[in-house]
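Protein chains in written order, with my numbering: chain A, 1 to 115; chain B, 116 to 230.
Don't read these hints as lab results, they were simulated from the structure.
Beta carbons are placed, not taken as given, at the ideal position from N, Cα and C, and that holds for glycine.
A few of these clues could be false.
Output of the computed footprint for chain B on chain A, the stretches with three or more beta carbons under 8 Å from beta carbons of chain B [unchecked claim]: (1) 38-49; (2) 73-81; (3) 103-113.
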Amino acid sequence: DAGVIQSPRHEVTEMGQEVTLRCKPISGHDYLFWYRQTMMRGLELLIYFNNNVPIDDSGMPEDRFSAKMPNASFSTLKIQPSEPRDSAVYFCASSSRQKMNTEAFFGQGTRLTVV
Amino acid sequence: AQSVTQLGSHVSVSEGALVLLRCNYSSSVPPYLFWYVQYPNQGLQLLLKYTTGATLVKGINGFEAEFKKSETSFHLTKPSAHMSDAAEYFCAVSLGGSNTGKLIFGQGTTLQVKP
Numbered sequence: 001d002a003g004v005i006q007s008p009r010h011e012v013t014e015m016g017q018e019v020t021l022r023c024k025p026i027s028g029h030d031y032l033f034w035y036r037q038t039m040m041r042g043l044e045l046l047i048y049f050n051n052n053v054p055i056d057d058s059g060m061p062e063d064r065f066s067a068k069m070p071n072a073s074f075s076t077l078k079i080q081p082s083e084p085r086d087s088a089v090y091f092c093a094s095s096s097r098q099k100m101n102t103e104a105f106f107g108q109g110t111r112l113t114v115v
Numbered sequence: 116a117q118s119v120t121q122l123g124s125h126v127s128v129s130e131g132a133l134v135l136l137r138c139n140y141s142s143s144v145p146p147y148l149f150w151y152v153q154y155p156n157q158g159l160q161l162l163l164k165y166t167t168g169a170t171l172v173k174g175i176n177g178f179e180a181e182f183k184k185s186e187t188s189f190h191l192t193k194p195s196a197h198m199s200d201a202a203e204y205f206c207a208v209s210l211g212g213s214n215t216g217k218l219i220f221g222q223g224t225t226l227q228v229k230p
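Please take these sequences and the hints and turn them into a complete structure.
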């Protein structure tokens with residue numbers, strides 16, 4: 001399996017622009033998670049989905065952030081408008097309920113820089 | 116509520132020396148515990164996990180950890196450090212079951228290995 005695939009790996013954008021991060025989970029996994037990593041706050045969960053349905057979005061920082069999962073093999077995290085404080089590494093992870101107690105598998109991350 | 120505390124943001128050891136990275140957790144229910152490693156500009160890779168059963172768990176690359184309920188600890192050890200072990204290490208806790216991907220992370224410990 002190719003693992004969790006995220007794109008792009010790096011994104012530089014200007015403040016006020018819309019940014020879309022993409023994630024392809026491992027085939028067969030039914031949970032998908034979006035995490036954000038910053039120096040100040042460390043790794044924090046933003047939102048997660050089960051069977052394409054958002055279950056908990058309490059970690060989404062503001063209404064500028066939105067996430068969708070239109071099908072089992074694709075998810076997006078959108079920031080509109082972006083701000084410099086959104087600069088961070090965003091990770092996508094997936095796991096399978098069919099394999100109880102299994103771990104989450106992480107993608108390589110997208111490093112976002114908002115200037 | 117759950118939380119994780121990693122003692123020491125930076126640990127430096129000599130090559131061949133014992134590695135000990137400390138992790139304490141707080142959880143109102145039996146925890147599921149994980150250690151992840153992050154190499155520069157990479158995603159998170161699972162080192163080992165404790166879910167149920169044997170409290171001493173062995174992971175990849177010669178690492179192991181022991182779950183001590185009485186001490187609420189899950190310290191990571193390796194008998195002999197190798198230069199390739201230099202990375203950032205994260206301890207994490209989850210509710211387990213189908214929620215193993217919903218992780219609460221510690222702040223991370225950067226391991227430096229000196230020749």
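Hint check results:
no.: 1; hint: 38-49; result: holds (count 5)
no.: 2; hint: 73-81; result: violated (count 0)
no.: 3; hint: 103-113; result: holds (count 8)
The structure fails hint 2 only (numbered hints given earlier).
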